[in-house]
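Chains as they are written, first to last, in my numbering: chain W, 318 to 1120; chain P, 338 to 532.
Among these hints, one or two may not hold up.
What the hints assert, rightly or not - Derived list of chain W stretches under chain P, where covered just means 3 residues or more per stretch with a C-beta under 8 Å from a C-beta of chain P:
(1) 996-1007
(2) 1043-1049
(3) 1078-1088
Hints were generated in silico from the structure; no laboratory data involved.
Heads up, the beta-carbon is just placed ideally off N, CA and C, and yes, glycines get one too.
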Amino acid sequence: MSDYTLLGKDFTPPDVTGKVTGKAKYAEDFKVDGMVYARMYTSPMAHGRVTRIDTSKAETMDGVIGVLTAEDIPEVEAPNAAILTNSPAYIGDPILAVAAETEQIAEDAMAAIEIEIEPLPFVTDPLDSLLEGGANAREEGNVYARSREGSGFREIKWSQEQIDEFRAGKEPTGEFVSEWGYGELEQGFADADLVFEEPFVTIGYAHMSMEPRTAMAYWENGKCYVHGSAQSQSFWIPGLARMLGVEMKDVCLISENTGGGFGSKIGAYPIAALPGYFSRKINRPVQLRVTREQEYYMGSARVGFQGWIKMGFAADGKITASDVFIVEDIGPNATGGDASSAGGAISLVYDPTAMRFRGLPVLTNTTPRGAQRGPGQNQIAAVMAPIMDKAAKQLDIDPVEIRKINSTNNDTIVYADRSPVTSAYMNEALDQGAEMFDWETRKTQPKRNGNKVRGLGIGQGYHSAGATGFDGLIRITPDGRLHVHSGIGNLGTYSYATTSRAAAEVLKVSEDSMQIHRGSTDNHLPWSSYQAGSVTIFAHTRTNYVAAMDALDKMKRIAADTMGGAPEDYDIDGQRVFLIDNPAQGMSYGAIAARAIQLGGEYSGDSYPEDIHEITQRAVQNLAGTGLVGVAKDNLHQEGVIPGLAVAFCEIELDLETGKYDILDYVGIAECGTVMHPKGLAQQMKGGAVWGFGMAKSERHVYDPQNGLPANVGYYQCGIPSYLDVPSVTRTDAVNIADPQNPFGARGIGEPAMGCSVAALQSAISDALDGHIFGRSPITPDMVVNHVMGRDQSYKPLQTNNF
Amino acid sequence: MNPQLSRRRFIKAVIASSVAAASTSGVHNALAQDRSRGAVERLISLNVNGQTRRVDVAPHETLAHTLRYKLGLTGTKIGCNRGECGACTVIIDGITNYSCSTLTHSVRTRAVRTVEGLQAADGTLHPVQQAFIDELSPQCGFCTPGQVMSAVAFLEENASPTREEARQAMAGNLCRCGAYDHYLNGIMRASGQNS
Chain W
318 MSDYTLLGKD FTPPDVTGKV TGKAKYAEDF KVDGMVYARM YTSPMAHGRV TRIDTSKAET
378 MDGVIGVLTA EDIPEVEAPN AAILTNSPAY IGDPILAVAA ETEQIAEDAM AAIEIEIEPL
438 PFVTDPLDSL LEGGANAREE GNVYARSREG SGFREIKWSQ EQIDEFRAGK EPTGEFVSEW
498 GYGELEQGFA DADLVFEEPF VTIGYAHMSM EPRTAMAYWE NGKCYVHGSA QSQSFWIPGL
558 ARMLGVEMKD VCLISENTGG GFGSKIGAYP IAALPGYFSR KINRPVQLRV TREQEYYMGS
618 ARVGFQGWIK MGFAADGKIT ASDVFIVEDI GPNATGGDAS SAGGAISLVY DPTAMRFRGL
678 PVLTNTTPRG AQRGPGQNQI AAVMAPIMDK AAKQLDIDPV EIRKINSTNN DTIVYADRSP
738 VTSAYMNEAL DQGAEMFDWE TRKTQPKRNG NKVRGLGIGQ GYHSAGATGF DGLIRITPDG
798 RLHVHSGIGN LGTYSYATTS RAAAEVLKVS EDSMQIHRGS TDNHLPWSSY QAGSVTIFAH
858 TRTNYVAAMD ALDKMKRIAA DTMGGAPEDY DIDGQRVFLI DNPAQGMSYG AIAARAIQLG
918 GEYSGDSYPE DIHEITQRAV QNLAGTGLVG VAKDNLHQEG VIPGLAVAFC EIELDLETGK
978 YDILDYVGIA ECGTVMHPKG LAQQMKGGAV WGFGMAKSER HVYDPQNGLP ANVGYYQCGI
1038 PSYLDVPSVT RTDAVNIADP QNPFGARGIG EPAMGCSVAA LQSAISDALD GHIFGRSPIT
1098 PDMVVNHVMG RDQSYKPLQT NNF
Chain P
338 MNPQLSRRRF IKAVIASSVA AASTSGVHNA LAQDRSRGAV ERLISLNVNG QTRRVDVAPH
398 ETLAHTLRYK LGLTGTKIGC NRGECGACTV IIDGITNYSC STLTHSVRTR AVRTVEGLQA
458 ADGTLHPVQQ AFIDELSPQC GFCTPGQVMS AVAFLEENAS PTREEARQAM AGNLCRCGAY
518 DHYLNGIMRA SGQNS
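Working from the sequences, and respecting the hints, build out all of it.
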């Protein structure tokens, strides 16, 4: 493992004890004096226009404090999500809210509200909306394209013939809105010895974080205090302030623990701002709890795909061309972007000589979509794995080998702009996984045993895994302790703690002498990342590195100023700054901190770099004079794509009579640079595997197309994996080769950890069924039985959000 | 699921409570001691974590509600409020129950243990809690109190389980982070076996 003292070692994160004792507080666990409860009246129609609201009876009821409607809140331009709306675009869209002494009174009051909604046409399957004469999910159109050149609604319709051809697995000929590519596509297919086309569907599904969302807010001295469930503390502030119509300094977010996010809590979502508005109107603290059932109506959820892909392979297995077309289900609020990310993942993971991506984002009246663990990359990982296996089989190449032939490495250039990668070791990961899984032996073993058939699968996962430009903020106080201020949230990855240890590593501070400040933006937190997109480990080892280096520079200058000589004559160890030539002559960190306070200026935070974010500036101002302050923006060199990569191998046993399958063994290998926290990494790889199993096996939306109602609104209906759906033991390891663009060699992994899993399981199912490609996720037992029996499937080709 | 507190029993209790609630609707604010004939007693004593707690409980109130909002024991989490996820798991007379699906009135004569009752008086953690820390079992932690309570009850019944037995026993507790492997590691460690 690493040569570091702290990094690369297991440790006990400071918040874990509270989680096992029940003392850890989540948003709903906070109550304040005078608090009242809000409940929302949500749209019973998939699409409509509110024409009349009469709240007069409700407002006079005992215990009712107030009513909040869309009139109380600034209008939001469609298709963006509003806090409350008079133009609901899905069942569950919040229309108004009632605050009362109890939730029961609020519910009773809502029953007394008279409301009239004019129904409008709606749609739950993008292809039904694309078809000529099909309904538009919004009055403004059925397509919403977001681009740098401008965003806007469109109405795009395909002919019946075009839809039929698409459903039949042929290249779509209908209009689309986005396109990118590189290389000579036609030449690539001309050079290919094997060309085939596959249609595919990946159905969206809910995030299902275990903690149903709660937001509670009150105003104090003109400042809004919000208790919320957030993936990042700092990153929420601009969005919260914007929604509440106040300056960033007038919002405080408290989010000590977050019961899962997975992309659904990256930025402040509209209902997080609802209590703030309500509280300002009625002058009482307001708590809004979202029930589990409401979570399924209101989202968020993964974007669904309906697509077509054409692949060209040379006889040696090299991919000469890849052409992909994706219709993207972006829900009612046009929250997507997954499709283009999927195209990017094809480019990076499989490195085709030429490729083209075309995309068409279509609005539906279903639950709002949002980023979900590997948004786009993981859907396409599921699609691509059986395709690679099919090519391997037809070209008589080992499935591991064909992936190595096309794998990304340090010299690969990716995406339309042909960017370099910071580093990539996919081959090493495949070799390590194959050895750990004993691929060579297993692939020769018999497959069939009565009704049971074994399948072997390989998966590859990718997500960009780093970000730059955020700030680091640390302090050393006169008691000699190191204080690391972290604005990233606490989702359970423990990366807030892992990355904080980077500062201690630089300053050679012991674990016992370090304290992390987080949980509330009033704890003087710097501008930090969104804790999503697998960026945290890369981004915040860098921010804490630059802050620690700033502190180190200041400590040496103070030592030279106090004891003579030049700063470079000094070194640190044992929480002392000492003369290299005479280590006995030195100052403790505590003494240095005390001196920093005396000196003031940049040493104690009275002044600071101009390029740090407004949020960090305010944090430094509040901390000024309390010790030696190290603060800096991450301006370290960074160029190219920062890949997080993972591979997985799995073996399943599939019962041909029931269509059910058990995962017998699973090996996941992370390729995320130097390992920073072995147990945390294992957690991410194993948890990601469980997510992949859910996506491959069971998780999907089901809508009643006649009424637009979500049909599955509970954990079991939605197919969340339990202990019994996953192997008792999942095995993981890491390649552990340093990335050159991180001071400690680290990159992120959270999302690829899932992508490799869903891909491996799809690959194994295909293998068990003699290479059959369902082109669909999830693959449910009834689909397997229908295939084995030679029966038609219950869904029509490319049908989604239903079966 | 405790056979003594089966779904059938729960449903019957709900029906009985509804009748009681309907009969008290006109005297909603009446004190328990001057309740009218046929009304359900509201002020009850509960044995929670070895302590007797007096609390005003509505007839239809679930144990999860009482614990969290009346007794301040917020370690018990409500993840689904419909008996699916197990985040609200507590131990009643030695057997795990979903407190979101247990009427508080039905546990008046029983001993309720929550996650707050596991630590020793000197602060020493229960072996399951310590093992979950050592194995870094929790991720987001929201399901963790429920996982802890299920593991505690299971090990009291089976002190040296196999990993497969533990997996079966824990199947009523969902974890969206997918930390199942690490929870099983924790249970095996708590039982003194290698994970």
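Evaluated hints:
no. : hint      : in the structure
1   : 996-1007  : holds (count 9)
2   : 1043-1049 : holds (count 4)
3   : 1078-1088 : violated (count 0)
The structure shown violates just one earlier hint, number 3.
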